[in-house]
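Using my numbering, the letters of the sequence shown map in sequence onto residues 2 to 569.
Worth flagging that the hints you see were computed from the coordinates, not collected in a lab.
From a predicted model like this one, the values you see are computed outputs, not experimental measurements.
Among the clues, some could well be false.
What the hints assert, rightly or not - Calculated pairs, DSSO-like style, for lysine-lysine (alpha carbon to alpha carbon, straight line, at most 27 Å):
#	residue 1	residue 2
1	K93	K230
2	K488	K517
3	K93	K517
4	K322	K517
5	K230	K299
6	K230	K263
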Amino acid sequence: MSRSASSPRRHQGGAALALALVGTAAGSLAAAVPPASAAAPTAIRVGGPSLPADAKVALVGSAADLRGRPFRVLDGAGRVVLRGKLTAAEGKPAPWRRLARADLSRLRRAGSYRVRAAGLTSRPWVVRRDAQRAPIAAILQYFAANADGSEPSPVHGPAHLDDAVVASGPYAGQRFDLTGGWMDAGDMLKFTSTTAYATAALQAAARLDPADAPALLATADVGVRWLLKAHPAPGLFIAQVGDERDHDLGFRDPAGDDGSGKEGIATRFAYPNMGGDLGGAVALALAMAAARAPEAAKPALIGAAREWYAAGVAADGPSPKLPAPAGDFYTGENPSDALASGAAALYRVTGERPYLDDARSRLGVQQLDGRLGWNALAGFGQAELCGVLGAPAPDAEARGGACSGLGLQGGQAVRRSWEIGPFGTPGYLTWGQTGENGGAGAVAALAARAGSLNRGLDGRGTAVNARDWLLGRNPWGASFVAGYGPKSPRHPHHWASERGPGLPRGAVVGGPAPLKDILDQSFGRPRGGPFSTARATYEDRLEDYVTSEPAIDYAAGSILLLAALAAP
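Construct all of the structure, not just a fragment, from the sequences and the given hints.
Have a look at this one:
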């Protein structure tokens with residue numbers, strides 16, 4: 002059996018991430034990876050499936066200056082369909098000494114293409130009118146694999162059917178039905194925070210991408226069903242099911258836990274908690290579900306959303322850290338962001354003015370960091386009130402401020418992509434980079450839809466770069482989605498990996514991270530290869546839960562990015 006089933010998955014907020022960027026760039030790590038100019042061979046990097054109207058760019062990394070050198074594009078039959086000359090790519094070229102750029106945007110005809118330059122030929126890449134559909138379908142397979150309880154999964158049988166006994170508080174020792182939902186990452190724990198974010202992101206994606214809406218909503222409903230269970234009694238709000246004992250056992254078949262006889266495994270513990278971050282996030286997800294539900298189902302969903310929201314407001318702060326053995330997993334933060342978005346969604350479905358007033362007030366003080374994720378939810382509320390989340394703005398007066406805030410958020414994502422360099426991921430370079438990339442890319446795309454970005458800021462182009470980075474146009478030439486795209490992960494840090502390489506299909510792994518974050522985990526020196534640097538190291542290795550562990554929030558953010566680009 003392999004090593005522990007998961008990392009602690011501690012995620013940082015925006016301010017901490019900015020500090021981490023500075024610290025990671027320190028010269029003390031420079032000797033830990035090969036110098037870029039000495040190690041990285043010449044290579045061509047192309048992106049994921051492109052929509053016909055998308056900006057399309059190939060990047061050529063080399064030790065030599067390739068400016069002015071010719072490039073050609075060949076179609077699937079080997080015919081030359083485009084010629085041009087390479088130009089210098091702006092920004093830091095690491096891991097190469099120099100980086101050149103081939104503009105392929107004139108290619109709009111659907112088909113498969115290769116780029117030839119500097120004596121090399123790229124892998125094939127495609128232009129399609131439905132470019133989002135195949136990667137979205139692939140990533141949804143991960144949600145199916147991680148479905149828990151009696152929710153159907155292609156890789157395990159019914160599991161954790163005795164979830165769960167309350168661990169603390171007035172209901173301690175009592176059992177409530179908390180079966181179902183999704184296992185969070187490479188482990189088998191369930192978290193309300195990431196489940197709520199994933200459920201909201203999938204529903205938002207369905208609004209933006211009608212072609213994929215049935216599959217997206219069917220998946221989101223797994224989260225909705227579990228979130229309705231997570232408030233099983235008056236005053237009882239569950240934040241987590243399972244604890245550190247899950248990690249002590251290592252990788253295993255989830256279906257075997259119920260009969261294991263092990264304390265905390267056969268029947269797992271549920272940990273109550275509450276903060277504005279939790280209450281707002283669940284209110285957001287459930288109110289979005291109510292807005293699309295049949296009339297008979299609306300009252301229960303709205304009622305549950307109201308109760309989570311009210312509890313979050315009453316908590317007046319972030320959810321506190323849980324006691325041992327719950328573990329140090331997701332630390333509550335940004336309660337105003339979550340409550341603002343929960344209020345906006347409740348206003349959408351109820352039309353009650355106090356929710357709108359609360360949303361506007363809270364959005365006025367939110368952190369403008371260009372992020373969207375389980376701990377940065379303001380973008381949902383801004384997009385909802387701005388009218389770019391697949392439905393018209395619910396209030397004309399509120400629209401202007403919401404669109405302006407969304408534009409500022411999108412602008413931050415665009416500027417960060419400039420700072421990071423030509424490969425253009427808009428997320429902070431940190432542990433969990435694919436999640437940051439998806440969320441920030443989605444914010445940039447939504448801000449572009451709103452028309453609220455400052456002049457000179459290309460939100461859609463930033464989102465296209467984020468998609469291409471995820472699916473192969475990165476220094477490693479690798480897709481970070483298992484079973485999809487070039488050099489896709491073969492060794493995800495996930496219990497299903499014991500059943501064969503590349504499992505579970507559709508898993509979005511964490512991706513590149515600062516070398517320091519990897520070294521701090523003490524599981525050995527990373528095998529990053531010539532394309533890794535101290536700032537961004539990637540390896541496809543089972544033991545490396547920094548770069549190789551998947552998670553539902555990484556998957557959800559990536560799907561939302563793809564859907565935002567597909568929006569009509």
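- Structure versus earlier hints, numbers of those that do not hold, lowest first: 1
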